[in-house]
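Enquirer: Chains as they are written, first to last, in the working numbering: chain S, 1 to 471; chain D, 472 to 942.
Don't read these hints as lab results, they were simulated from the structure.
What you are looking at is a predicted structure, and each value in this text was computed from that prediction instead of being measured.
No residue lacks a Cβ here, since even glycine has one placed at the ideal position from N, Cα and C.
Wrong hints could be hidden among the right ones.
Quick look at which bits of chain S chain D covers, simulated, 3 or more residues with Cβ under 8 angstroms [claimed, not checked]: (1) 159 to 170; (2) 175 to 184; (3) 219 to 231.
Simulated crosslink set (DSSO-like; lysine-lysine; CA at most 30 angstroms straight-line) [unchecked claim]: (4) D:LYS868 / D:LYS836; (5) D:LYS864 / S:LYS65; (6) S:LYS69 / D:LYS542; (7) D:LYS868 / S:LYS65; (8) S:LYS65 / D:LYS643.
Residue-level listing of the chains:
There are 2 protein chains.
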Amino acid sequence: MAQVNAHLSRSETLSLLSLFLACFAIIANTFQGDGNPLIASLAFSGIAYCASYAMIRWLGNTFMKAGLKGKDMGRKSLPEIPETMGAICAVVYLLVIIVFIPFPFYKDIVAATSGGGNRDVIRKTQQIETGRFLQRFPHSKLASYLSAILSLQSITILGVGDDLFDIRWRHKLFIPAFAAIPLLIVYFVDFGVTSIVIPTPMRPYLGELFDLGLIYYLYMAAFAIFTPNSINIFAGINGIEVSQSLTIALLIMLNDLLYILPPYIYPSSFPQPHPATDSHLFSLYLLLPFTAVSIALLQHNWYPARVFVGDTYCYFAGMVFVVVGILGHFSKTLWLLLIPQVFNFLYSAPQLFHFLPCPRHRLPKFNARTGLREPSTVEFKVPLHPLKEQVVKIAGKVGLVRVTEAKDEEGRRRVVECSNLTIINLWLVWFGPMREDTLAWGLTLLQAGCGLVGLFVRHRLAGLIFTADNL
Amino acid sequence: MAQVNAHLSRSETLSLLSLFLACFAIIANTFQGDGNPLIASLAFSGIAYCASYAMIRWLGNTFMKAGLKGKDMGRKSLPEIPETMGAICAVVYLLVIIVFIPFPFYKDIVAATSGGGNRDVIRKTQQIETGRFLQRFPHSKLASYLSAILSLQSITILGVGDDLFDIRWRHKLFIPAFAAIPLLIVYFVDFGVTSIVIPTPMRPYLGELFDLGLIYYLYMAAFAIFTPNSINIFAGINGIEVSQSLTIALLIMLNDLLYILPPYIYPSSFPQPHPATDSHLFSLYLLLPFTAVSIALLQHNWYPARVFVGDTYCYFAGMVFVVVGILGHFSKTLWLLLIPQVFNFLYSAPQLFHFLPCPRHRLPKFNARTGLREPSTVEFKVPLHPLKEQVVKIAGKVGLVRVTEAKDEEGRRRVVECSNLTIINLWLVWFGPMREDTLAWGLTLLQAGCGLVGLFVRHRLAGLIFTADNL
């Protein structure tokens, strides 16, 4: 059995150790003084990075011994490397956001436990001085924060189960639905807000707010099922699952900062705390450590990969976005950051729903001679229905798919093969064979580009259909 | 590879299906009308039983395929059977208590969402009519309920990790400590009650209440580390892990009913709702489904076992008792129900802490000729230190251990072997070899007897050192 290098080099050890100690010092300081939870969150993220980085290396061989391993089809030697390493990131992440709980609720603790009406007054003065950046969650949000952790723990348990037992596709699809149950139930018990703001042109007919009731829960469930699965099917080459998730997380954090930073920089223009600030702080608290563990994982999963991430990571990443979107009430904005995933899902649909044959694996083919990746194909052993054949031919002509035709016994030209319907294969059809890391870079930049355009649209053009932007 | 019979017999299918439908009908009814959460909890427990029973059968072969299997050392043929099946019970249990969340909080939902000060008034009247049995949690307890689920999910993740990766003993010990973190942190943020009632004779010196502060958290952490581990080391024969947990759960529920039932039966004698009722309802809501999944597991784990429960189950069961004890503020009472576990731990300590040699497995020996279990022994290859030898000899004389002596080269009688220090071996030393199920029955009755005496002491004699019993 191949062995993973479990040993951290001296420079790695030193860097991780100094980062860890620095972060630890910051947290100790935050806890004693008038800690800003955002600074604490950054420091916790640093610790999460160190812990994930070290544990991915230390536990690689343990995972392989337990049978959690896979062959890397993208290299000549087909090396066996550890699988499901996303579970390490998930567990480190969960531990960190659990230990983080007291920080955003610090104010309430001080007021409640150290018998200080006095200290409370001091705190309030300081808050005015330092502005809204120091704002902490109201205590009532504790339940929603806990429900987020519950859903993330659920997806971790179910994701590991999936990686262990290789659950069938049609069952797999519903894993995120089960994991979303605690989130939706606490939403139901705790908020129950199911109204949406109606776009201006439709207000004469529907009013300003419209209560969707049950439909809103169905929408949230659909969002929770779609996001993790869409990340899980946008996979197949080293690093792509983590790099897309990391890009989405960075874009959501950029969006959060658009709400949090301006009042901090120009306090005079924003006399009132913005009602959405809390939601976006919440989002940062959940996404900063996620970004940290993802970076540690990406360093080991980028081409040439030393570990695989497993379905666990894809589901977990997707569920982080789901809880952030639902509890922050900006799931609409999130759709704009998932454009490549939505496209990939729609593009894959003919194969996923078996209108066209779907092989077990659709990842791009490795050409051992050139060392490059090429589009993988599906062969139509049974001739296609003429209508389907026509559609495939047209798709081939407009460049949406690479089609191979051949003459059958009666001399008619028939479609015998086409490239598999994934965005990764389509990229290779368009831009030709390329090395695995170039491919991953291209798709990551596409993700970033689509997301930036999406955010621009959301903040500049939303005013046309809604009276006031939330920003 | 051996195959587990995954097929449910027709009578099993019919019984499970009718129980499931009956429970489902009860829940549907509870949700529409003026549901009593305790009835709903009973119905959910029925569903949990059906689901665990069926899934233990259906998933046995899947677990074996994933490498989660073990040899039963208690039978001649050494059959291989699925391991870690406690994980199924844990996942079913978690799903059920998550879906149960809205039931105890139903009142708040009605008041908050259906715009009804009016409906709220009606509800209050009904509550007075039907007595305290209908009482529901105050909404503020949602966070503590969620923290209980978080800790139980954590122990499930870590327990499965332990079963997969075979973590070393000295690391294993701290698994429950990690899992208890969410419980203790939310306790810190949400309650922060760290005072204890001082026994009457000491009040002149310490006052009526004494705030332990940090020490109370250390106590809770120690309780959380001890309980799951003590159940995990009281193991080694078919059924014993589940039967002891089931006995403890039933005894805690008996204790809960001592608080809940009397005011329900004699409402006139108890005009005021007792402040501890909520805690004991909370305990019932968590223990009823636990009892249900444990019964389903015991039916498959009792001698001759068709499945093993895994460390996952032991940790999980222990953590259920920890959350119930800590959040219900009756951890002191719980110690009285853990007498056999405490004894087994103290009795094992010389081997656990390596004062005496400790073999990898200490389960009783199977005698293939008689088909009975006999005490297993540890051989002292290196002669014992004279002091240790004296202690072992004395223990042997008072019947606490079976000692084998032999003459060494110099003709001195030396201790060369003794029975392993577990309560299971001690039972066999005392009562002679017996079949595995007789042994399990004996130890279960011991657990029940000790617990009943413990509860009697707690409720009848506590008045001697405390002014007023909580009851």
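Enquirer: Does each hint hold? Answer for all of them.
Expert: Outcome of the hint check:
{"no.": "1", "hint": "159 to 170", "in the structure": "holds (count 4)"}
{"no.": "2", "hint": "175 to 184", "in the structure": "holds (count 3)"}
{"no.": "3", "hint": "219 to 231", "in the structure": "violated (count 0)"}
{"no.": "4", "hint": "D:LYS868 / D:LYS836", "in the structure": "holds, 23 angstroms"}
{"no.": "5", "hint": "D:LYS864 / S:LYS65", "in the structure": "violated, 43 angstroms"}
{"no.": "6", "hint": "S:LYS69 / D:LYS542", "in the structure": "holds, 24 angstroms"}
{"no.": "7", "hint": "D:LYS868 / S:LYS65", "in the structure": "violated, 46 angstroms"}
{"no.": "8", "hint": "S:LYS65 / D:LYS643", "in the structure": "holds, 18 angstroms"}
Taken one by one, the earlier hints fail for this structure at numbers 3, 5 and 7, listed in ascending order.
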